[in-house]
Amino acid sequence: MGYSVKKVRRVHYSWLVVFCCFFVSATYGMFYSFGVFFKSLQTEFGWSRSLTSSIHSIHLIVFAISSYFLGRLTDKYGPRLSILLAAVFLGVGFFLCSQVQTIGGLYLFYGIASLGSGIIWAPTTATAQRWFARQKGLALGLVAAGVGLGTLIYAPLSNYVIQLYGWRTAYIILGSGTALMLLFVALPVASSPEKMGLTPYGAENSEREVEKYNPLFEVDGWTINEAVRTKTFFGVTFLYFSTLFPIHLIAVHLVPYVLDIGIDRAIAASAFGLVGAFSVAGRIGIPALADRIGWRRGLILTCCGCTIMLLWLTITRKLWMLYMFVVLYGLFYGGKTPLLPGLIGSFFGNRSLAEITGTIHGLSMAFASIGPIIGGWIFDISGSYRIAFFIAAGFWLLSAVLSAVLNPPVRYATLK
15 MGYSVKKVRR VHYSWLVVFC CFFVSATYGM FYSFGVFFKS LQTEFGWSRS
65 LTSSIHSIHL IVFAISSYFL GRLTDKYGPR LSILLAAVFL GVGFFLCSQV
115 QTIGGLYLFY GIASLGSGII WAPTTATAQR WFARQKGLAL GLVAAGVGLG
165 TLIYAPLSNY VIQLYGWRTA YIILGSGTAL MLLFVALPVA SSPEKMGLTP
215 YGAENSEREV EKYNPLFEVD GWTINEAVRT KTFFGVTFLY FSTLFPIHLI
265 AVHLVPYVLD IGIDRAIAAS AFGLVGAFSV AGRIGIPALA DRIGWRRGLI
315 LTCCGCTIML LWLTITRKLW MLYMFVVLYG LFYGGKTPLL PGLIGSFFGN
365 RSLAEITGTI HGLSMAFASI GPIIGGWIFD ISGSYRIAFF IAAGFWLLSA
415 VLSAVLNPPV RYATLK
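With the sequence shown counted from 1, adding 14 to any position gets you the working numbering.
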């Protein structure tokens with residue numbers, strides 16, 4: 015018995031926090047799976063693709079607002095309250111979505127559900143970073159991997175429930191299940207180790223060791239008011255936007271595109287889920303690679319990879335070509351995801367990290383909300399997604415350029 019207790023005590027509490035943040039992030043798979051609901055909504059209501067796409071754009075705008083306020087709430091009161099509020103918004107919002115009869119009703123109720131989506135990113139990544147002095151890259155990768163796992167599970171599960179019971183019942187079942195999971199994982203998540211009388215994981219090492227093993231070593235923290243006065247803040251925001259625009263264009267229109275080229279609905283849904291599966295490998299593996307080659311090179315690699323895969327998608331007509339896209343796009347897109355919040359942490363420190371991350375992510379998400387609408391509008395007027403995918407590839411290329419030229423404020427540690 016004594017041996018067992020000793021072994022348990024070796025597991026730092028930080029890993030439980032990351033484990034819970036992982037499952038919080040996984041709930042975003044519910045929103046990423048909107049493309050699976052797309053054709054069902056379009057068929058029932060007779061909407062154009064641009065109008066149907068606008069539902070996801072409403073989500074992104076509300077997500078932007080929610081990210082800021084839940085990030086600020088997390089900095090002030092801790093992540094537990096934010097997660098509990100998110101559970102209420104998600105559960106109530108998706109139940110109400112199941113009752114709608116008009117586009118206006120769906121805007122309103124999907125917006126209510128989206129108020130809970132702000133918990134997914136800024137609060138979880140900021141909380142995880144506060145718990146680690148070493149291996150922040152791994153911690154962020156694990157948190158980000160939750161989104162990939164969520165996509166893997168929610169996309170085919172949504173299709174399965176829709177086929178059995180219809181999209182309305184699917185929203186009730188999946189929304190209530192998501193809310194219950196958030197309620198369960200909220201309780202163990204503490205805002206910082208200091209409030210539990212602990213130290214961050216790896217803090218027992220010397221400062222030199224921390225710098226050696228952790229590319230996101232601590233720097234003096236900025237407040238949000240200080241951060242917004244820097245060019246770096248707006249540079250990072252534009253970098254975020256240039257990645258989120260194509261990500262959400264593809265998230266909404268990949269499944270409709272795959273159906274358009276004659277591939278079965280179940281395969282289309284599972285293919286989108288597999289993007290999430292391979293993104294898990296990217297979210298964990300590429301930050302580890304970035305620890306060796308430098309985080310700037312890691313960002314350039316992932317953005318260039320996504321550029322190539324979007325060009326590949328424009329010529330994809332066969333199943334093997336789709337699966338090649340799924341594997342490589344999933345790896346590159348997934349690898350990009352944890353690098354960006356890590357970049358914010360390395361630039362601006364922990365002092366107001368959730369609020370700064372939420373503000374940057376929120377602003378960029380609000381502007382990126384036009385991506386799904388543009389994709390749908392281009393299809394409506396041309397009957398094809400080809401131009402939309404070229405535009406998305408251009409944004410990924412722009413992201414690679416920004417990753418190469420962006421520098422931190424002078425008084426902070428230089429990103430490799």
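Do not rely on the hints blindly, as some may be mistaken.
What the hints assert, rightly or not - Taking lysine-lysine pairs in the DSBU-like style, the calculated list, with each CA pair at most 30 angstroms apart, reads: (1) Lys245 / Lys90; (2) Lys90 / Lys209; (3) Lys53 / Lys332.
Calculated directly from the structure, the hints in this document are not laboratory data.
Hint by hint, here is what the structure shows:
1. At most 30 angstroms may separate the alpha-carbon atoms for a hinted pair to count; Lys245 and Lys90 meet this at roughly 26 angstroms.
2. Pair hint Lys90 plus Lys209 holds up; C-alpha atoms about 13 angstroms apart against a cutoff of 30 angstroms.
3. As the CA atoms of Lys53 and Lys332 are separated by approximately 21 angstroms, the hinted pair is consistent with the 30 angstroms bound.
Comparing the model with each numbered hint stated earlier shows that all of them hold.
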